[in-house]
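Protein chains: 2
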Amino acid sequence: MSDISALWEAESIAVIGASERPGALGRKPLDYLLRYGYKGRVLPVNPRSPEILGVPAYPSVKDAPGPVDLALIMVSAERVPGAVDDCVAAGVKLAVIASSGFAETGEEGARLQAEVVAKARAGGLRIIGPNCIGAVGYENRVLATFSPLFGAESVPFEPGTLAFVSQSGALGFGAASLALERGLRPGWVVSTGNDADVTALEVLRELAAVPEVTGLLGYLEDTPDIGTLRELAGSGKPVALLKSGRTEAGGRAAASHTGALATDDRVLDAALRGLGIVRVDDIDELLDVARVFESERRPAGNRVAVVTTSGGSGILAADAVEAHGLELSALEPRSKEALAEIVPAFGAIDNPVDITATVLSDPSLFDRSLDVLIADDTVDIIVAAFCVMAGPDVEKAVNALSRAAEKGGKPILVARTGADFLAPDAPRDLREAGLPEYPTPARALRAAAALWEVSRPRTLPDAPRPGTVPGPGAEATEPELKRLLAEAGVAVPKGRIAEDAEDAARAVTEAGGSAVLKAVVPGLLHKTEAGGVEIGVTADTAPAAYARLAALGGQVLVEELVEEGVELIVGVHTTDLGPVLTAGLGGIFTEVLDDVGHRLLPLAPGEGAELLAGLRGAKILAGARGRAAVDVAAAAELLHKVGELVQDWPAGFALDLNPVRVLPKGAVVLDAALTVDATASDAPASDAPASDTPASDASEEAGR
Amino acid sequence: MSDISALWEAESIAVIGASERPGALGRKPLDYLLRYGYKGRVLPVNPRSPEILGVPAYPSVKDAPGPVDLALIMVSAERVPGAVDDCVAAGVKLAVIASSGFAETGEEGARLQAEVVAKARAGGLRIIGPNCIGAVGYENRVLATFSPLFGAESVPFEPGTLAFVSQSGALGFGAASLALERGLRPGWVVSTGNDADVTALEVLRELAAVPEVTGLLGYLEDTPDIGTLRELAGSGKPVALLKSGRTEAGGRAAASHTGALATDDRVLDAALRGLGIVRVDDIDELLDVARVFESERRPAGNRVAVVTTSGGSGILAADAVEAHGLELSALEPRSKEALAEIVPAFGAIDNPVDITATVLSDPSLFDRSLDVLIADDTVDIIVAAFCVMAGPDVEKAVNALSRAAEKGGKPILVARTGADFLAPDAPRDLREAGLPEYPTPARALRAAAALWEVSRPRTLPDAPRPGTVPGPGAEATEPELKRLLAEAGVAVPKGRIAEDAEDAARAVTEAGGSAVLKAVVPGLLHKTEAGGVEIGVTADTAPAAYARLAALGGQVLVEELVEEGVELIVGVHTTDLGPVLTAGLGGIFTEVLDDVGHRLLPLAPGEGAELLAGLRGAKILAGARGRAAVDVAAAAELLHKVGELVQDWPAGFALDLNPVRVLPKGAVVLDAALTVDATASDAPASDAPASDTPASDASEEAGR
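Quick mapping for you: the protein sequence lines, in order, are chains Z and G.
First residue of the first sequence: 1, per full-length UniProt numbering; consecutive thereafter.
First residue of the second sequence: 1, per full-length UniProt numbering; consecutive thereafter.
No copy is singled out in the list; a pair is fine if it fits within one copy or between any two copies.
In silico SDA-like links for lysine to any residue, alpha-carbon gap of 20 angstroms or less:
no. : residue 1 : residue 2
1   : 407       : 295
2   : 119       : 82
3   : 396       : 23
4   : 396       : 151
5   : 619       : 587
6   : 619       : 594
Note that these hints are calculated values from the structure, not bench results.
Just chain Z, same shape as in the assembly:
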């Protein structure tokens, strides 16, 4: 038993602050442990009562007969440090601090919380909370909680295979109650409150290791730790997260142009997408996805067949297939032939397959059409959509569907748009047959999309390596950065620093007779605006151009002109989740339309191409508006090489490659700039102060 797993495996539970007073919060866990038949030892702790609810009580947890696997602390905030001391003294390894009055109340509470955590860490005690509602492990009846949920007259309490961890206790147990009401079966519900020591994500990771768990659900308010996220994804168990605070301003990374485009929420989206973790937007969606996580059937692809008894449901299902990024299978020709033999003339054998209400008089229609869809290799997921059906009709449908699911191994989801009072046994029958059920086709398809998201074959990206390679300093100039890029295999324009005016003319000749001259002045951010760029310079005009640029106080770079192409803006900056690569098309796409993609580094194979393909303006790269296509593969490769180059640099940098020009063949970095937050290499990136100064201006190279 790990420390944390005591939340569901504890063989002895101390309730510090236990009380017999009716209505007292300190009574509820005892009530629940006794009511639901906890098999372990219950140890009420209360200095004033020798016995509570017929169970012997102890003045301190130190007096309770050991070992104590789990302590639930429910005393007022100011008495929590003493309770923690007692737990440490008693050799307890895990305490749930339900008490509030800590960081959530302000500075003083935060200080008290820090004190408690320090005491616990020194004493080898892990803490869940404070300011939480506790935890429940259904199998062993570990009810270390005061949630009113378990005080209701009738609570459906069968242990299931879903694990749900929520920072918010109220929302967590509220959602858990809805789950029970909807026939879902959670087996573990944990609230972690302030996440002062153990985080919600750590509990999820721990639960992922429990063999019985088939799906993991989380509600998070804090930005998750990327290392723990990776481990969670690495478990192979399906995970869905509801992370609130989408609309909070990001803003931290405004120090670079690309960084400013990457809000915290978008970066988290990118991270979760990369890891195959489903992100949901609402409790309802979380529960709908949970339902599909109860089954272990997985689709081999994203092609859906819809079988329905109602034309209307079929059309709604087809709309939802498209809306959720799935595909409606075209069906194999032999399937259509077979269906033509089976389906009544006024039905439909195209997908959606409408077997019509005739199935009510001839239930074999269901079996025979499902057999066809199961045998069809272009079908990965089957959605059965039906409307009002009374009890016996549903029974026949469930039999057919359940046989088909067993036989075909393909996931089958059911949309039953009809009230339970029409078929009271339907929810149970469907659940027992392992057929996830939804009230509407749209909700079934949304869950199917989540199922595909967690089933899609993917190479999980490696964890980032520790940033041990010293990156270039804040004073790194454009030529230095370009040298690093070139060493990493990234194309840059040919060119060199000119020694003097005459050498500039020579360099222009070397560059082909017409070149770009650029001032290289550390700290000169807006080169073009400052007159630091001269385009189309010839050997004749080079000396004068050199003189003008050199007067800006630095060196002068002479570079070849690069042929026309499509311009990208590419950047990497560091965030709490690690280094993030951002890329988009230049010009209005980034400046007006915010059309950029993000991926956490290191990139998994194919992620660069996937990022570019996901841009709204992707058609431009493929040669829209009568222009030739450019070398998208080279652009994607460039993203991978840039990622490879910078991923070992220490946190706190923001690199802007703006623009990168994608050519008919190849892709070249035309300008490069770096900002480094000196405070960040020592401190976590999250503490780095933001700067409002963009490191580079997207229009800088516009005239090049």
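Starting from the structure of chain Z, add chain G where the hints point.
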């Protein structure tokens, strides 16, 4: 009683095809009428039984004692024409044909359907169906249906104020059963099947006139008739529609460039938005919106205050406020001062207002904080979000909320994330207090957004005038179209047709010494590609340019050069819903990003500006990327003038103004082209064959 309102007011109902055989469909309506206590006369029609279920039966509806207000026809398809003849002979005004075997089965069925409709129309009989499941009026217990819904053991059957009309019978009664299960109270449920005579929309319009109806819900598969939609919107009752088939290819209007951008689905979106009709995407959303239509409280604006007992719910609510285009009120300073006195220190007085679980011990917290929000003029809608709450706690909350709703007149929506088994009376108490309830904050806010959508003050656009003014013919040339535009007050470049080469030189001089020369050749679609445009022509080069262009076989237009600006593409084409104006930014915005807006003509005041402001690239007009802003007001005015000009033209035309250049001051149409579908002026636009030839090319003027 109108003909259609017999569906809910009939005082006598004939059931043609009535049967006593258990399980027969023809028995169900009789069962239901008797079971639910229909007060009118039930008239079973069956040639072989003198009595059915104890009620006297008649061999034909002609033999039944009149008057017969409503006939429900349930005989097999081939016997329907005879039944219709009988109804006509008996003077029946409305028949519901439940039988299937008509247009839904193919050509033969379509012929039979046409025959039946023709007979009925000739005989003054209106028809609902065929291929429908019938209709129910709850108040009068008119159950002209065989839906299994009403055969269930226990059906909650209290008449309510919601009217629901569905083309799909299965989906309609399925959704109605979910509505009942969720505590909603429909008062009218009508399925209209094939809509062969009376359409679903006509029934909705009829129901909008029923005083007791507070909200109208529809499920449609066919494109709705715009005239009926306008009348429905004009009723002032809130309407929500689920229209399936979003993903069907539009394609009809591919005859023009802008037309090709306007899919049927987008045009419908535009029409509904203009009329203030809510469009939903799923049955669940339809029912959620219905719940808010049960109350008649309306918000004065879109500013939301969230009051919560759980920080988590508050954050989720705030996320949803933004996601649904509502605003989180900043609250008045005096409100914050007042809340600071009321809310515990560890709560939050910013919006969302977190009164914390302390409210469980001090319920006055609820009353006092709600009083503050009700008095706050920056709050239009209140959303109360709470989680697990046991029965008595909910009761207190409901009391406070219901008092507040009465007092303030502001809509209050409740998100209660907790199972009903925790507070079994809560759904009823909330319903009785007129407080719409949702399981999650996101769903409450989605409904709040729909409520604002139907409450927002709007000028309904006028109905289009009949197309009596003859529009220009298909052969109308660019100068002719520009003359029409100029007469309508739309700016076009100064210019004229050159008589000959010498005159061309004079015209260039008149135009300021440098001009554009364009070939005017009817049928020459791609002028630029065909070498039909010469830019920057001077008096010297004019004769040669004239000769070259004249050789293309038509006239030569000489026009002044127009200063730089931002280019729009603007067009009008006719659709089943009437003439549609489409506008977007030129170039990649339309060609790559599909960034266009649509509005039905005639435009209501302000719609032109609203369309432009809604473009993703709207920032470009406001002067993004360091460029000066252009005259958006002039562009909006141009849209209105163009709409005014063309709205009386007969159906079948497609006008492309491409580009329109928006200048720092003013907006000018640089090119204009028209295609006319000659078959369309006589026939309805929907029957017009599509053409694949674009009338104009967006890049045509790119080099101008």
